[in-house]
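Undergrad: Note that the protein sequences, when read in sequence, are chains V and L. Number 511 marks the last residue of the first sequence (this note's numbering); no jumps. Number 511 marks the last residue of the second sequence (this note's numbering); no jumps.
Hints are computed from structural coordinates only; laboratory data are not their basis. Please note that a few of the clues may not be correct.
If chains are identical, the list can't say which one is meant, so a pair holds when it fits in one copy or spans any two.
[Stated by the list, open to error] No more than 20 Å apart at the CA atoms, straight line, and that leaves these computed lysine to aspartate or glutamate pairs for EDC-like: (1) K110 with E37; (2) K499 with D49; (3) K72 with E95; (4) K509 with D148; (5) K477 with D24; (6) K236 with D148; (7) K110 with E50; (8) K97 with E492; (9) K238 with D24.
Number of protein chains: 2
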Amino acid sequence: MKKKNNSKNSKANGIFFLKAKYLDIKTGHPWIVIINEEDGRRFGIRPGDELVVKWKEKQTEIAVDTTRSLVKKGEIGVFRDIISRYRIKQGEFLELKLAGHAPSLKIIHKKLNRKKLSYKEMHSLISDIAKHRINDLELAFFIASAFDEKNFSKEEIYYLTKAISETGEMIKFGKVTADKHSIGGIPGNRVSPIIVPIVASYGITIPKTSSRAITSAAGTADTMEVLAPVGLPLKKIKKVVKETNACLIWGGALRLAPADDRFIKITRRLGLEPYSKMVASIMSKQVATGINHLVIDMPIGPTAKISNTKDIQFVKNLFLYLSERFNIKIKIISQKTMGPIGRGIGPCLEARDVMRVLQQKKNRPKDLEKKSIQLAGDLLELVGKVKKGKGKKLALKNLQSRNALKKMQEIIKAQGGDSKIDSEKIPLGKISYKLKSSQNGFVRSIHNKNLNKICGLLGTPLTKEAGIYLNKSIGEKVKKEDVLCTFYTDSEQRLILAKHALQKLELYKIS
Amino acid sequence: MKKKNNSKNSKANGIFFLKAKYLDIKTGHPWIVIINEEDGRRFGIRPGDELVVKWKEKQTEIAVDTTRSLVKKGEIGVFRDIISRYRIKQGEFLELKLAGHAPSLKIIHKKLNRKKLSYKEMHSLISDIAKHRINDLELAFFIASAFDEKNFSKEEIYYLTKAISETGEMIKFGKVTADKHSIGGIPGNRVSPIIVPIVASYGITIPKTSSRAITSAAGTADTMEVLAPVGLPLKKIKKVVKETNACLIWGGALRLAPADDRFIKITRRLGLEPYSKMVASIMSKQVATGINHLVIDMPIGPTAKISNTKDIQFVKNLFLYLSERFNIKIKIISQKTMGPIGRGIGPCLEARDVMRVLQQKKNRPKDLEKKSIQLAGDLLELVGKVKKGKGKKLALKNLQSRNALKKMQEIIKAQGGDSKIDSEKIPLGKISYKLKSSQNGFVRSIHNKNLNKICGLLGTPLTKEAGIYLNKSIGEKVKKEDVLCTFYTDSEQRLILAKHALQKLELYKIS
Chain V
1 MKKKNNSKNS KANGIFFLKA KYLDIKTGHP WIVIINEEDG RRFGIRPGDE
51 LVVKWKEKQT EIAVDTTRSL VKKGEIGVFR DIISRYRIKQ GEFLELKLAG
101 HAPSLKIIHK KLNRKKLSYK EMHSLISDIA KHRINDLELA FFIASAFDEK
151 NFSKEEIYYL TKAISETGEM IKFGKVTADK HSIGGIPGNR VSPIIVPIVA
201 SYGITIPKTS SRAITSAAGT ADTMEVLAPV GLPLKKIKKV VKETNACLIW
251 GGALRLAPAD DRFIKITRRL GLEPYSKMVA SIMSKQVATG INHLVIDMPI
301 GPTAKISNTK DIQFVKNLFL YLSERFNIKI KIISQKTMGP IGRGIGPCLE
351 ARDVMRVLQQ KKNRPKDLEK KSIQLAGDLL ELVGKVKKGK GKKLALKNLQ
401 SRNALKKMQE IIKAQGGDSK IDSEKIPLGK ISYKLKSSQN GFVRSIHNKN
451 LNKICGLLGT PLTKEAGIYL NKSIGEKVKK EDVLCTFYTD SEQRLILAKH
501 ALQKLELYKI S
Chain L
1 MKKKNNSKNS KANGIFFLKA KYLDIKTGHP WIVIINEEDG RRFGIRPGDE
51 LVVKWKEKQT EIAVDTTRSL VKKGEIGVFR DIISRYRIKQ GEFLELKLAG
101 HAPSLKIIHK KLNRKKLSYK EMHSLISDIA KHRINDLELA FFIASAFDEK
151 NFSKEEIYYL TKAISETGEM IKFGKVTADK HSIGGIPGNR VSPIIVPIVA
201 SYGITIPKTS SRAITSAAGT ADTMEVLAPV GLPLKKIKKV VKETNACLIW
251 GGALRLAPAD DRFIKITRRL GLEPYSKMVA SIMSKQVATG INHLVIDMPI
301 GPTAKISNTK DIQFVKNLFL YLSERFNIKI KIISQKTMGP IGRGIGPCLE
351 ARDVMRVLQQ KKNRPKDLEK KSIQLAGDLL ELVGKVKKGK GKKLALKNLQ
401 SRNALKKMQE IIKAQGGDSK IDSEKIPLGK ISYKLKSSQN GFVRSIHNKN
451 LNKICGLLGT PLTKEAGIYL NKSIGEKVKK EDVLCTFYTD SEQRLILAKH
501 ALQKLELYKI S
């Protein structure tokens, strides 16, 4: 534990010490500490300044608020977010210093002025982002600079990807490792928790790290978390992969790409992300986990994340370029997709769809099953398990034999979940609302982006039980007064917002 | 006052009421309220969500933190920043609602995707920024989109300027009004408080609104505030201008351009601003105050805000374009400037220089005087007070006769300051440090940007007494151990930071 404030020492190097005091506040966003106004005057610190905070081996930068009474002179108020993240103890002395501008801020300036960055510059910036030496606002400027694709060369995106993976944990799971990654935007496209057990059931190592939702209703991690913990420590993950040659975990807890975790938080709030950052984000985690065989599922459609051919080509080229630089075998599948896949949108509803497929229930969504088999087949071919053209058949075999289900139960159990869970026992939000059709006809399309937006208003992805169940899907016949879909949420407030949004955001096209 | 929570009503429209409780926290940055976790669950609100807060006629959006104990169920904790800004009363009921994404967020998306905006779109976005319906992070993305000059057409910058002025107060002071505006970046370039009294002493209406420092050590408003209050209400300003046909006030208090005030806060933290935003910011305030004769002082040099000829041409063209669209007579003066102007850098030190010139003290900075006379002369010519080529002589006349000083004393008195203040009585920071020369030679240059950075570390512009006095200026002879300049601050911490920065940031070039 740190020694108490030695005021002579303090003046010589700009460092001072304050005693941690817990404050019962949860911000859910930027990190903040509170000091007494008198200490603020004494140390020349004003509300909104940033402090470098050190304790034990750890260090971070935190913005400071001031108070006259909430904490006393000599104390520093620490919010619940920081306590739970960093395990600071009440009464512990924290070493503090006014933070100057991070030197890498000038690298952001350079990028805003459209100058090229070297690898050294990119690494120093990404490292400062990972260490919270660059604040959210500064970070937003860096992300914004990537929206113009001409501002980042392929080489720079390679640097970005490399720096993101190198500033996090690097793990090696085996010689031949496989992964599949879907580009979000298509609600309900929860193929990973089906593909992983199929591929793993053939002895292939497939350590699936996934992210939480960025702009969609649920990410694979959000969905898998309904079935088992996904925020496992590295040691536990290695054990899971050793036992089952697979896992389905959240990459963020692993700190595989801490800089990218911060990118995701920012772009989630903006509701928009540059393509180059998206590709770098995906590839950096492949690199960090030593993946060398990769299938990319890139749905394309009028309301998908990627909708025009120019963007598709840009993203494809970038994947191909990066996989070559990183020596990864890649296959990119782009399929036209007119609406969501499966019936459930939202973590619990999607987990139910997944389990319905693996348990081969009669009410399983056939489109989700079909797509999973195809992608699992592609992956089995890519790793050389089977000849080209024979993958799909092999995938289907272990799904129907329940070998894939057995593998999924092993994974759920190894990660600490209830392996006996039945699809129909997964809980849904207690407040619900049925949207009815005002006409007869056929469902021509379902608006993906609006579906995601309304799910967001209902509380996804943080509220797992929230979401939308599609009682009617594309191509199905509808009569007036038929239930088109069902909203689920845990809050009247959120239901009101969602119903209100329906006035502007069309979900179903029926004619 | 609002009625108390009617829970039936609440469920129908998503609105609920909580009772304001003062919380002794000052953030200095984003606005935050705190609610009890139980209310959070009840209303479906999580830490980091944004709420629309209404009371009396007012409305704003504020981020929410949660607590288990700091505020009780039914209460809402309001921070000191908000109380002082909005005068919310303890115990007052606030009307609350979960904020959806502001519709204008999609206009920011559009700009990030490099699409053109119509005036209607620009106005709706700028209006939402002015009303705090767009948060700081979203705003950062919009500002970032302006760094690529190709992303905003001249027409769009005109829209931006028009929207900024129209979403604030619009004032008319007279038929013929004059103004001069300097583009920052040159430390000590405090010509306005000298030009305004000179021009006003000839009966010209010159209502000078100025900004606080963005990336520099002091803005005109920061400097003038040393001499008199600058945050006057509109009614008072009109009285000052009626009495003295001039004023020297801070535009921000007037809410002439509330959207621009938010831009400035963000770019100040980033330490960088796009040129197009800078020009829009300047012109919007001219438009809002009905200025129709304008002299722009645009210093150019290797370390000035604008340093290369391409940028100079871009900024000049933009000024000319906008002044034509807004029907403003303009003259742009670009002079090569190799270092700071005057001797003092920082609000108090600059105010001392200004008063030394107006009081015609022997120790007055001659370069500052010369430049002020030239610009005042240009302005007198532009409004037609004197023939071309005769302005400088006229300006000098009223400076030497002390008519300008008399006018300045009138202005200071009308704004509520001490009109008898002597230049040598202006207070400076109690902690000081003399930087000495390590060699003999001549001062070849002084690094403007580094000067600003070190002043920032010393506490400018918020700490008025902080800054740097240049004992030696460009072209002057220096002997080893001579004092080059003197640092002033109010905090040992800040002095340490500034001295530390000297290792990397060169101030003087001597040879």
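Undergrad: Each of the hints needs a verdict: does it hold here or not?
TA: To see whether the hints hold, each was checked on the structure:
1. K110 with E37: neither (36 Å within a copy, 43 Å between copies)
2. K499 with D49: The answer is between: 19 Å across copies meets 20 Å, while 41 Å in one copy does not.
3. K72 with E95: within (17 Å within a copy, 33 Å between copies)
4. K509 with D148: Cα proximity of K509 and D148: none, with 33 Å in one copy and 39 Å across.
5. K477 with D24: Answer is neither: 53 Å inside a copy and 60 Å across each miss the 20 Å cutoff.
6. K236 with D148: Answer is neither; intra-copy 41 Å and inter-copy 47 Å both fail.
7. K110 with E50: Result: close neither inside a copy nor across copies, 22 Å intra and 32 Å inter.
8. K97 with E492: between (45 Å within a copy, 12 Å between copies)
9. K238 with D24: neither (36 Å within a copy, 48 Å between copies)
Violated hints, listed in ascending order, are 1, 4, 5, 6, 7 and 9; each of the other numbered hints is respected by the structure.
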